[in-house]
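Sequence lines, in order, name chains A and F. Residue 1 is where the first sequence starts when you use my numbering, and the numbers rise one by one after that. Residue 1 is where the second sequence starts when you use my numbering, and the numbers rise one by one after that.
Rather than coming from a laboratory, the hints here were simulated on the basis of the structure. Backbone N, C-alpha and C define an ideal beta-carbon position, used for all residues, glycine too. Be aware that one or more of the hints could be misleading.
Take a look, some chain F residues computed to stay more than 10 Å from chain A by CB distance [to be verified]: (1) L9; (2) D15; (3) Q17; (4) M19; (5) A20; (6) N21; (7) M23; (8) G41; (9) Q48; (10) Q51; (11) T69; (12) L98; (13) L121.
Stretch by stretch, here's where chain F covers chain A in the computed footprint (C-beta under 8 Å, at least three residues) [stated by the list, open to error]: (14) 38-50; (15) 74-82.
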Amino acid sequence: MTFLWAFVIGGLLCVMAQLILDLFPVTPAHVLVLFVVLGALFGGVGLYGKLVNFAGAGATVPLPGFGYTLVSGIGEAVKIKGVLGLLTGGLTAAAGGIKAAVLFGLAAALIFKPKT
Amino acid sequence: MGKEGARQLTQEMQDYQTMANQMRPKKPLLKNAVTAFFVGGIICEVGQGVQWFFMQHGMTAKEATSPTTVVMIGVGALLTGLGWYDRVVKRGGMGGSLPITGFSNAMVAPAMEYRPEGLILGVGAKLFTVAGPVLTYGLAAAFVVGLVRYLITGVA
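Take the sequences, apply the hints, and build the full model.
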């Protein structure tokens, strides 16, 4: 079932983003920032976690999943380290993705030539 | 725009704005939404497939999320390098941009484009054209949310 809901929820999140892009005078970068922040907010109140359990990659692959990862990482770190976890938890949880993005991004930009 | 703002515009400015609004191409809302749904849905389905693969190898869904993200980012960077992902974004709009593959695309594409400006201020800086704001506000929002939760509940 997760396979079905991954498609539907992932698709619907993209539709919401597309509608915001089309209806308001904003750039795609604005929409991405908005969705990361929304992911953090809904993660904080426990709603996004439910969506992740329900839709799997449909919730974690779109960018709000990144905001959710940051917040849930903070939650786990605070349990172990206390207040310091507020500063370390987010990036610890997102470290794999961020490091991969920088490494793969750098490699791709060095290897490939843009087609003009 | 409020009424006071409109009153301050001269007749000429108002005429221009009416004309500009008429000239601006109407966005095909429904078509964009439908393509965004299918493009975004398919990308998430691929992600679910990758996650399923990791789960077959003994990970829980939670454990599999991080390696899945890494694979999707790698695929996004590779397809951007090959020049294919830009077409996905052109067709699918936010359906191509909102998934993490699109985030990867938003890092690689400007870095490739600005490579002639050098490895430091070209590639190194432009990797973060979009990733910079996303990380900045994502981290700030997560901190505030975590802090508020901590102050209310004692645990974040």
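Against the structure, the hints:
1. L9: 17 Å, holds
2. D15: Label holds. Min Cβ-Cβ 21 Å, cutoff 10 Å.
3. Q17: 13 Å, holds
4. M19: At about 18 Å from chain A, F/M19 clears the 10 Å cut-off, so the statement holds.
5. A20: 12 Å, holds
6. N21: Label holds. Min Cβ-Cβ 12 Å, cutoff 10 Å.
7. M23: F/M23 is indeed farther than 10 Å from all Cβ atoms of chain A, at 16 Å.
8. G41: 3 Å, violated
9. Q48: Label violated. Min Cβ-Cβ 4 Å, cutoff 10 Å.
10. Q51: Contrary to the label, F/Q51 does not stay out of reach of chain A, its closest Cβ about 5 Å off (not over 10 Å).
11. T69: About 4 Å separates F/T69 from the closest Cβ of chain A, which leaves it inside 10 Å; violated.
12. L98: 5 Å, violated
13. L121: F/L121 is indeed farther than 10 Å from all Cβ atoms of chain A, at 13 Å.
14. 38-50: holds (count 5)
15. 74-82: As far as the stretch 74-82 of chain A goes, the hint holds, because 5 residues have Cβ atoms under 8 Å from chain F.
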